[in-house]
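Participant: Going down the list, the sequences are from chains A and B.
Okay, so the first sequence: first residue is 149 according to our numbering, each after it adds one.
Okay, so the second sequence: first residue is 351 according to our numbering, each after it adds one.
Take the hints with a grain of salt, since some may be wrong.
[Unchecked claim] Here are the simulated lysine-lysine pairs, DSS-like style, with alpha carbons at most 27 Å apart:
(1) Lys165(A) / Lys415(B)
(2) Lys256(A) / Lys242(A)
(3) Lys242(A) / Lys165(A)
(4) Lys242(A) / Lys223(A)
(5) Lys256(A) / Lys457(B)
(6) Lys230(A) / Lys415(B)
(7) Lys246(A) / Lys408(B)
(8) Lys246(A) / Lys457(B)
(9) Lys457(B) / Lys223(A)
(10) Lys256(A) / Lys230(A)
(11) Lys223(A) / Lys415(B)
(12) Lys246(A) / Lys415(B)
(13) Lys256(A) / Lys415(B)
(14) Lys246(A) / Lys223(A)
[Claimed, not checked] So the derived list for chain A, only partly shown, Cβ under 8 Å to chain B, looks like this:
(15) Glu151
(16) Phe154
(17) Glu208
(18) Thr211
(19) Ala214
(20) Ala217
(21) Asn220
(22) Ala221
(23) Arg238
Treat the hints as calculated values from the structure; they're not laboratory data.
Ideal placement from N, C-alpha and C gives every residue a C-beta, glycine not left out.
Residues per chain, in single letters:
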Amino acid sequence: MSEYTFEVNGQAVPVDKNGYLLNVSDWHEDMVPALAAQEGISLTEAHWEVVRFVREFYMEYDTSPAIRALVNAMKQTYGPDKGNSRYLQRLFPKGPAKQATKLAGLPKPAKCL
Amino acid sequence: MASILVRFTSAPYSTSSASDGLDFALAATNYGHHVTVVFEGLAVWMWQANQQPPDGVKNMTKRLKSLPLFDIEDCYICQPSLNTYPVTPFSQAFQAADSNTLITLLKNADHVVTF
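With the rest of the complex left out, here is chain A (with noise of 0.2 Å):
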């Protein structure tokens, strides 16, 4: 069992000392509004479009988006408006890479170290 764990519906998810979870597979959408409360952040639409654009990075390619990535993914598949780091930083005050993927439920892009 994990030092750490985050507590959705009565059942324990491991996470780490960060509260990001150690097992990608574990993550179901039902967890997003606890995560997003953790961080203080109150979930639009526009939030969950990141989230699941984040995810679906990650699918793709095996890899947390840090921020630059995730701009660059986001304007090819959004265009300017919404591939910028005004927008994102916007909706996640606290660093769009860092809150994005706690929210997804993938582990932390690798600038943070």
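Got chain A sorted already, so can you dock chain B onto it with the hints?
Facilitator: The following block gives chain B in isolation, referenced to the frame of chain A:
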């Protein structure tokens, strides 16, 4: 901001070297460094199509596809190594480098890191 040449020299899954090298390269771009990658020797197998790594091991094909999103555009494969090993690359998102090109890459880099 430095220019860093990351040399991959190990087979993709026999040790963690290849994976560590990718982690290093991606992390370096996040600090604003200009990263060039080169694949030599057994590392050319990282480009083999249809890789099936064991469960829980990251797939090199997927990770290499993400390099342009991290602004790693300068990607070279050692041509003599490609001649040695019968690799069928899954993508042509690299330039083949002969010995002279490899020497130039080494000379032009501020730092060279070998995995």
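Participant: Now, for every hint given, state plainly whether the structure supports it.
Facilitator: Hint by hint, here is what the structure shows:
| no. | hint | in the structure |
| --- | --- | --- |
| 1 | Lys165(A) / Lys415(B) | violated, 30 Å |
| 2 | Lys256(A) / Lys242(A) | holds, 14 Å |
| 3 | Lys242(A) / Lys165(A) | holds, 17 Å |
| 4 | Lys242(A) / Lys223(A) | holds, 21 Å |
| 5 | Lys256(A) / Lys457(B) | violated, 34 Å |
| 6 | Lys230(A) / Lys415(B) | holds, 22 Å |
| 7 | Lys246(A) / Lys408(B) | holds, 20 Å |
| 8 | Lys246(A) / Lys457(B) | violated, 36 Å |
| 9 | Lys457(B) / Lys223(A) | violated, 35 Å |
| 10 | Lys256(A) / Lys230(A) | holds, 22 Å |
| 11 | Lys223(A) / Lys415(B) | holds, 17 Å |
| 12 | Lys246(A) / Lys415(B) | holds, 22 Å |
| 13 | Lys256(A) / Lys415(B) | holds, 19 Å |
| 14 | Lys246(A) / Lys223(A) | holds, 18 Å |
| 15 | Glu151 | violated, 20 Å |
| 16 | Phe154 | violated, 21 Å |
| 17 | Glu208 | holds, 6 Å |
| 18 | Thr211 | holds, 5 Å |
| 19 | Ala214 | holds, 5 Å |
| 20 | Ala217 | holds, 4 Å |
| 21 | Asn220 | holds, 5 Å |
| 22 | Ala221 | holds, 5 Å |
| 23 | Arg238 | violated, 21 Å |
The earlier numbered hints that this structure contradicts are 1, 5, 8, 9, 15, 16 and 23.
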